[in-house]
Every structure is written in structure tokens, then in C-alpha cells.
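Asks: Listed below, chain by chain, are the residues.
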Amino acid sequence: MSEKIVVIGEVKDGVLRNVSFEAIAAAKKVHADGEVVGVVCGNGELSSLGEEMIHYGADRVITVTHENLQNYTSEGYCQAVMAVVEEEAPQVIVMGHTSVGKDLTPKLASKLNTGLISDAVDIEIADDQVQFVRPIYSGKAFEKKVITDGLTFFTIRPNNIAALDKDTSRSGDVTDKAVEIADIRTVIKDVIRKASEGVDLSEANVIVAGGRGVKSEEGFKPLYELAEVLGGAVGASRGACDAEYCDYSLQIGQTGKVVTPDLYIAVGISGAIQHLAGMSNSKVIVAINKDPEATIFNIADYGIVGDLFDIIPLLIEEVKKAKVGTGA
Amino acid sequence: MEIYVLLKKTFDTEEKINVSNGQIEDEGAEFIINPYDEYAVEEAIKQRDEHGGEVTVITIGDEGSEKQLRTALAMGADKAVLINTEDDVEDGDQYTTAKILEAFFEDKEPDLILAGNVAIDEASGQVGPRLADALGIPYVTTITDLKVSGDTATVEKDVEGDVEIVETTLPLLVTCQQGLNEPRYPSLPGIMKAKKKPLEELEIDDLDLDEDDVEAKTKTVDIFLPPEKEAGKVLKGEPQEQVKELVTLLKTEAKVL
Numbered sequence: 304m305s306e307k308i309v310v311i312g313e314v315k316d317g318v319l320r321n322v323s324f325e326a327i328a329a330a331k332k333v334h335a336d337g338e339v340v341g342v343v344c345g346n347g348e349l350s351s352l353g354e355e356m357i358h359y360g361a362d363r364v365i366t367v368t369h370e371n372l373q374n375y376t377s378e379g380y381c382q383a384v385m386a387v388v389e390e391e392a393p394q395v396i397v398m399g400h401t402s403v404g405k406d407l408t409p410k411l412a413s414k415l416n417t418g419l420i421s422d423a424v425d426i427e428i429a430d431d432q433v434q435f436v437r438p439i440y441s442g443k444a445f446e447k448k449v450i451t452d453g454l455t456f457f458t459i460r461p462n463n464i465a466a467l468d469k470d471t472s473r474s475g476d477v478t479d480k481a482v483e484i485a486d487i488r489t490v491i492k493d494v495i496r497k498a499s500e501g502v503d504l505s506e507a508n509v510i511v512a513g514g515r516g517v518k519s520e521e522g523f524k525p526l527y528e529l530a531e532v533l534g535g536a537v538g539a540s541r542g543a544c545d546a547e548y549c550d551y552s553l554q555i556g557q558t559g560k561v562v563t564p565d566l567y568i569a570v571g572i573s574g575a576i577q578h579l580a581g582m583s584n585s586k587v588i589v590a591i592n593k594d595p596e597a598t599i600f601n602i603a604d605y606g607i608v609g610d611l612f613d614i615i616p617l618l619i620e621e622v623k624k625a626k627v628g629t630g631a
Numbered sequence: 004m005e006i007y008v009l010l011k012k013t014f015d016t017e018e019k020i021n022v023s024n025g026q027i028e029d030e031g032a033e034f035i036i037n038p039y040d041e042y043a044v045e046e047a048i049k050q051r052d053e054h055g056g057e058v059t060v061i062t063i064g065d066e067g068s069e070k071q072l073r074t075a076l077a078m079g080a081d082k083a084v085l086i087n088t089e090d091d092v093e094d095g096d097q098y099t100t101a102k103i104l105e106a107f108f109e110d111k112e113p114d115l116i117l118a119g120n121v122a123i124d125e126a127s128g129q130v131g132p133r134l135a136d137a138l139g140i141p142y143v144t145t146i147t148d149l150k151v152s153g154d155t156a157t158v159e160k161d162v163e164g165d166v167e168i169v170e171t172t173l174p175l176l177v178t179c180q181q182g183l184n185e186p187r188y189p190s191l192p193g194i195m196k197a198k199k200k201p202l203e204e205l206e207i208d209d210l211d212l213d214e215d216d217v218e219a220k221t222k223t224v225d226i227f228l229p230p231e232k233e234a235g236k237v238l239k240g241e242p243q244e245q246v247k248e249l250v251t252l253l254k255t256e257a258k259v260l
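Protein chains in written order, with the working numbering: chain A, 304 to 631; chain B, 4 to 260.
These are computed hints drawn from the structure, not numbers from a lab.
We treat Cβ as the ideally placed atom computed from N, Cα and C, and that holds for glycine.
Restraint-style ranges between C-beta atoms, simulated for each label pair: (1) A:N416 x B:N21: 34 to 40 Å; (2) A:D316 x B:E244: 40 to 46 Å; (3) A:K524 x B:E28: 42 to 48 Å.
Straight line, CA to CA, 25 Å or less: simulated DSS-like cross-link-like pairs of lysine-lysine: (4) A:K307 x A:K332; (5) B:K19 x A:K560; (6) A:K623 x B:K236.
Next comes chain A alone, as it looks inside the complex (with noise of 0.2 Å):
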């Protein structure tokens, strides 16, 4: 009998973010011919959105639809999924390391007794093991882990492991599954919306990030344009934000987030310890910088001694030509 495998798919504002076909194809990393059952919760329709899990590798998709699922809450989602494990006895169980999926995969873990390794960026078969890599320290240092007890249960953080090509000629189930919502102590009364429209910064491709160097808050707005130009989103030092420059939302470093986009162009970060763990392992750094002392070069690619008000926009502009160029 082959493996099952059940992937929780997010849906964030309608669409399943792309963090879940990440995990699909981690499933088939685990298990190459398991069977991949996906999950799909929310309010309404959501057929669609399970023929889109097929079209990257599901073979079928199982939707729990409720109004208690209409808003994430730990224990709306926590009775939906559960009653799809329970019917579908998986052996392995995999979700992105998302807001969401930090929230609530440690109450499934719990549910079920079992372990749940968090945040993993690769998937590497050794000694017939399946072993999970994932930073620690924020980056500064790696480590390999392995199931060895129980389920295999574990998070993947964005951006690390490749979706599967969609394939839309792929075929499979949707099928509803019915189940009670009820005793939910959590209510969320009013979501405010801060976060930049568009990118949100852990599955960002691009990131551009300012520190003290930028000054103001004022300082900030190129860097948005700039980051926008590139389809790209913004992000901060710990310096900038306790400057109150911006929002701790876009924090990136040992406190805050961290970031592997393909292309992170750090301005006026002198380049910290911390922020440095958060950040290091993007994959082509650019430091924008005025102090040709700065820490920040040592681990750019590619370095700018200047003024970041002077580079910015010129950088903007030829940005803006390149794209014109290639017709993106």
C-alpha cells in the first residue's frame, strides 16, 4: 500500500497562497508515489480552488466548508482538519510555515501525540531516513532532524522548496466533507490592514530593506518605489524600526523575520549580527551603503559606496528601463 499524505492548503483573500503547492511538492520529496490528499478549509465554494491543488500534484482534494471557517481561528481549523485526518489515517502531514500554519499546526501535533518538525527548507533522503533541514538561530547555523516516533508532521517555510509545473490537464476528486464547527472561544472582531498591498514579505522574490541610513520615515517612500518596480516588498532594520522609521511588521533579523528572497538590496544597514541571521541566506545580496566600512559588504555580491538618496532613484529608473527591455 502506498503512503498517504495530506497536505493542508492556506487560502488567503480567496487564493490558495502559493506556500501550499510548495508543500505538495515536499510531499512528493517525502514519498514520491504517496497518494497526496489535500485540504482545502474556508466558507463558500471551494471546488475550484481543490481542482488548482490537482493541477499542482494533488491527486485529490478533500474541502471543509463552514460558516465558522469563513475567518482562520485555531479552533475552527483545528475540527476541520482533524476530522480529515481521522477519516484519512495519513502517515505523513505537511503545511506551510505560514502566520496560519504556525498558529495551528502545533494544536494538531498536539491533538494527535505526535511530533512536528517546524520551518523546514529542504528535504534530503540519508540512511533510509527522511531528514528535514531547517535553520536555527535564525540562520546563523542549520540543523538535519528526523521523525522518530509516530506521524511525520512538518512545516515547509516559503519560497525554499519549488512548486511542482501546474498541469492543468491533471484530474482528480473534490469532495466535500461535512463537518461540525462549533465551540469557538476566539473571535475575530476586525482585521486591520497594514501590510504593504500585494507582496507579503516572507514569500517575497525581492525584498528591499532600509535601516537608520534612510533617516525618515519620509526616507522610506523610494524604497517602496523601488521595491515596486522590482514586484518586490519592503523591509526594515531592527535601527529603522525602533526609529520608528516604520512598522516592526518589517523587521527582518534574529527578532523579526527572516527572509530568503532571490534578491534582497540592503540600504543603509550597516549590517548588525542579528539583522545579518535574518537575511544571509538570500540569495543575491546588493548593499546599498555610504560607509565603505560597513559590516553589510562583506557578504554582498554586489556593493554601492554612495548616497542612497543619490543611487535610489537612478536605480529606479534603470530598473524601470531593463523591464522595458525584456517586455516584463
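Start from chain A and add chain B according to the hints.
Replies: Chain B alone, transformed into the frame defined by chain A:
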């Protein structure tokens, strides 16, 4: 209110990490209260000052963990508990920690339990939600504001930059995110008083547990450092030329544009 804080000691954020034989070297390293747990201690003290009651800080650790507990007492916590697992538990994981805490809370009646959102070392963020589930109480993670009124709590929760306003009931477990408060530094009188505050030391037998009850479900088989980044190219010339070269390199060499 009976308020409890879950605290972990971690490496100072200034520390470089060295690895030998697949293990982190901790000799001579400076340890601190996990920075996110400091927000939890501060919030606990503020809630106690507003609503009355007592703040107990708990850690699972070794003899050395007393230092971080004393720091929390010096900040203003009332009591501390050290569950010393040095002799009994080897290589515990989050399952282990949650099981021990569950046993600790068996005869307690907490109104509020606070923890850090994650520890900056292993950063799994599992223990808080696992414990809340085991105790059958609601939880809210990554909070940036907490108002308690009677049995109701109104919480602001950071969700990837957006803020959710969540209403829930006590008893409650929350995990603390940056922006919640500004942790105080221990004052000199605070440090003097902390020396006399009660610090109870327990082992897992005292909680009617043995090693098998808390045996980890996961295991670390290797630890390694990422490849060291080499300093790259610093671009020369006038700003206009530097920017042109940068965009060309990003396109043709790095292939990220």
C-alpha cells in the same frame, strides 16, 4: 490574576555560532532571556500591576537557568520555578517540553499564561499552542496588545503585518510579538529584592513523570554552518555608472531581474 510566564534561556543575539562534531559549542557563550520571552515577562508584570495577583516565571533547563529566572524576578516577577531536566532528559523536543509543562500545570489554576512567540534558537514556536491545547484553553499567538476585563480578553494579533482584533476568554495563553511593550531593565533595588524571592526547583519525578513519558518524537542528527559568504564586487565610478553596471550584473550574471 494568577499569571504564569514560560521562559527559555537562549544564546545572546551577539554570539557567533560555532559547531564542532555536529553540535553547537556553548562553552563560554553568554546566555540571555529569549528576547520574545522578555516581552512576556514585561506584559505579565503590567497585567499584574493593573489587575492584582501574582506572576510566576517557569523555565525548563539546568542549574545555569537560575540566572535568567533571577533576572525576571529582578524585573518584577514574584516567584520562579526551575524544572531541572539535566539528569533526566536527553535531547528533548517540543513534545517533551509541552508534556512537562502540562504536568506542571495539572494542579494550577492559571488565568493567563504568557510565552514568547518563538525562541530565537530553535524557533519552532510550538510549545505555547501545544500547552494551551493540552490544558484545553484558548490561545492567541504573536500578540501586540492585550487588554483584560473580567473574564474577557481583547487581543491584537500580528498576522504578517496586518492586525487582527481578537476577542476571547480567560483562562488564556498568549505568545508575545515584538511591539507589545518595551521590556524594562531590572533596577538595582529590583536585583537586591530578586535574591530573596522564592525560586522553587523541581525535577520531572516531582511532576510524576519519568523519561519515557516525555521521550522526544524528533531528533537532531546533524548541525552545520551555512557556507560562508565571500565579499563580492564593489562597483566603481559615478553613481549613474554604478547603477547601470549593477542592473546589468543583476540581469546577466546573477540572473535575478
